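**Student:** Build out the structure end to end from the sequences listed, making use of the hints.
Here is what each chain is made of, one letter per residue.
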Amino acid sequence: MLSIKNLHAEIEEKKILKGISLDIKPGEVHAIMGPNGSGKSTLSSVLAGRENYTVTEGEVLFEGKDLLDMAPEVRAREGLFLAFQYPVEIPGVSNINFLRTALNEIREYRGLPALEAKEFLKLTKDRQKLVEFDTKLINRSLNEGFSGGEKKRNEILQLAMLEPKLSILDETDSGLDIDALRIVSNGVNKLRNEHNAFVIITHYQRLLEYIVPDYVHVLYNGRIVKSGTKELALELEEKGYDWLKESYSETESVK
Amino acid sequence: MAKTIDSNEIINDFATREYEHGFVTDIEMDIAPAGLSEEIVRFISEKKDEPEWLLEWRLRGYKAFLKDKLPEWQNFELPPMDFQGISYYAAPKNKKKYNSLDEVDPELLATFEKLGIPLNEQKVLAGVAVDAVFDSISVATTYKEKLKELGIIFCSIGEAVQEHPELVQKYLGSVVPHSDNIFAALNTAVFSDGSFVYIPKGVRCPMELSTYFRINTQGTGQFERTLIIADEGSYVSYLEGCTAPMRDENQLHAAVVELIALDNAEIKYSTVQNWYPGDKNGKGGIYNFVTKRGACRGVNSKISWTQVETGSAITWKYPSVILQGDNSTGEFYSVAVTGNKQIADTGTKMYHLGRNTKSRIISKGISAGYSNNSYRGLVHVGAKADNARNFTQCDSLLIGDKCGAHTFPYIETKNNTAMVEHEATTSKIGEDQIFYLNQRGIDSEKAVALIINGYAKEVLNQLPMEFAVEAQKLLSITLEGSVG
Ligand SMILES: Nc1ncnc2c1ncn2[C@@H]1O[C@H](COP(=O)(O)OP(=O)(O)OP(=O)(O)O)[C@@H](O)[C@H]1O
Ligand SMILES: [Mg+2]
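Residue numbers (the UniProt record's numbering), protein chains in the order written: chain A, 1 to 255; chain B, 1 to 484.
For the chain B half of the interface with chain A, some residues (derived, Cβ under 10 Å), not all of them: (1) Glu-431; (2) Phe-435; (3) Tyr-436; (4) Leu-437; (5) Arg-440; (6) Asp-443; (7) Ser-444; (8) Ala-447; (9) Gly-454; (10) Ala-456; (11) Lys-457.
Lysine to any residue pairs mimicking SDA-like chemistry, simulated, CA-CA at most 20 Å apart: (12) B:Lys-428 - A:Glu-89; (13) B:Lys-473 - A:Asn-97; (14) B:Lys-446 - A:Glu-51; (15) B:Lys-349 - B:Ala-383; (16) A:Lys-65 - A:Arg-110; (17) B:Lys-457 - A:Glu-89; (18) A:Lys-5 - A:Asp-69; (19) A:Lys-226 - A:Gly-19; (20) B:Lys-428 - A:Pro-91; (21) A:Lys-226 - A:Leu-244; (22) B:Lys-428 - B:Lys-457; (23) B:Lys-457 - A:Arg-140.
Sample of chain A residues with no beta-carbon within 12 Å of chain B, all distances over it, derived: (24) Glu-28; (25) Leu-123; (26) Ile-138; (27) Leu-232.
Don't read these hints as lab results, they were simulated from the structure. A quick note: this is a predicted structure, and the numbers were derived from the prediction, not measured. Glycine included, C-beta positions come from ideal geometry on N, C-alpha and C.
**Tutor:** Right under this line is the structure:
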């Protein structure tokens, strides 16, 4: 589904991603962990098409198409979804109106007719239940004045509504209380199937107990320095990142 | 929503019927030579077969115009005005007639297309001579009959002078005097068209009244004069639509609108202004210098101005309310959008004279490109206006960094029981907001439209529904291409 090859990216001439390669197949869940500032959000931004980043090397194929060649909205319509680490507030734009616009844009791209108001409301209700989203929030302005946790849950509601092929969850768990963490994870698990894939960026092993990943990758200094299965997350929880940093700097010095 | 079944019916009628007798409004018969003089004023008055008092009033306007100087306080450079270069009595020169739509500027047609204006209507708006136009006469009679039953008068100001001289004489110039300002004085001297509305005591006008429905709107000139009187306990909602872009070299549009609300009466006046704004380099476009003022003469009366200003090269106007009657209310809701090199210097004046008078001002400026958008507002509280209340909210939204937004709030209080509140914000459409929407499949143009419609919602909500939809589309079209 997604194939990243030797991806290098920089911002304001500062190199952040230094050769990332990653393959994701339908039905898989990949977790990406790594210390602060290692480039996790940068990777998701580059995949989603944020303008400020310059890709200097490498390629990314999404369902066989050149992802980097597409405008951000086209990537979204093709089925790439990013649950933001810091969702923005858009005053005056109601959550529901936004959802409807987004959904219909994506439907149009796929040659489907716009949803009738009634069908749309039915779908919203259904998805709302799935992720246990507070009805009061649906009529408010998009993320305006939402608490940190409410914003994160709104990202998951959108995910549930738009049914993307590949979802990247950038630290969706941070800021969620214990109940919300369980609810959101349950929602994601219900949405998982053999056709879609998830990339879960997180600092905490706890989330991975709920959403069990097939692979765990450690990103450090713009590179994936270790990949493994879910046991790797446990190991990281125990040992921290230092042992990886050390072995990484060894390889660095060898070069 | 302030919408009635009646007005719907009429819109449907209007939109579906066709007319077999060809395009007949060829009124280019009397064209006065360019220039302004006492003779021209007399000529106009004579052509319109006006009573002596009206001629005299026009002449007083003309004298005031000669004495007045162009204002200097505005926040833009006033282009030189060649008052002698204009013909003051004519079928507007700009109304070129085309033989088919193929001859009309494709850009204009594209705009119509986006507004969803039906083809037939497009032809009328563009001034194409067509065989089939709306049967405006029969529509006019349908609604006129309905209104007549209620005693409502809705006609052109010229007709009102002939048919209801006592009402016109009593109220004309009573809110905007002939010498109010140079453009109002000019209008007084040469006005040739406009609407007249009278709602009798206790009558609630069952439909939105609009210039759009009136016969002869085709010939509406640059110097319209509108007079609306709501008698005791009556209500009317009036829509002024200038949704048709007109292609022109800089043309002066100096209209005057006077509203009078008597005891317990309410007038809601909505405008969606979309005159031609000039091209990307600021060439051409309308100078929209309009004097709009309402008087809440009676107790518990209310006047509410709502405006969506998207067009014109320069918009310069301050729809105002004089709150004379005790417990009267004035409202001003405005969205002014400027792009390219457009200029808007707009706002309101609320004069609190009576006791317990209230006013509310919501102004939303949106600037893009190299444009300049100023809010200028005055809240005046007179010595006798005990317990006057004002709330002003004045927001500016910037798109890009080459445009300007300015606010000039003036407050004058002569009564210490007054409470005047002013809030102002300036914000930018952030790249991260647009990216967020992009990431959900919404392209940048739609994203901006969504954001500005959200931003302007409080004002758009004041508009009758059909108008609100149109206004939303206009906002998006005006800002098209303003995000990279
Ligand atoms: N606009 C920018 N200018 C300069 N450096 C930047 C810019 N944006 C990001 N960076 C840097 O890029 C690096 C990677 O940031 P990124 O947000 O991808 O880290 P992260 O792995 O998501 O960290 P966290 O776990 O804290 O979310 C950081 O060192 C950050 O300071
Ligand atoms: Mg991050």
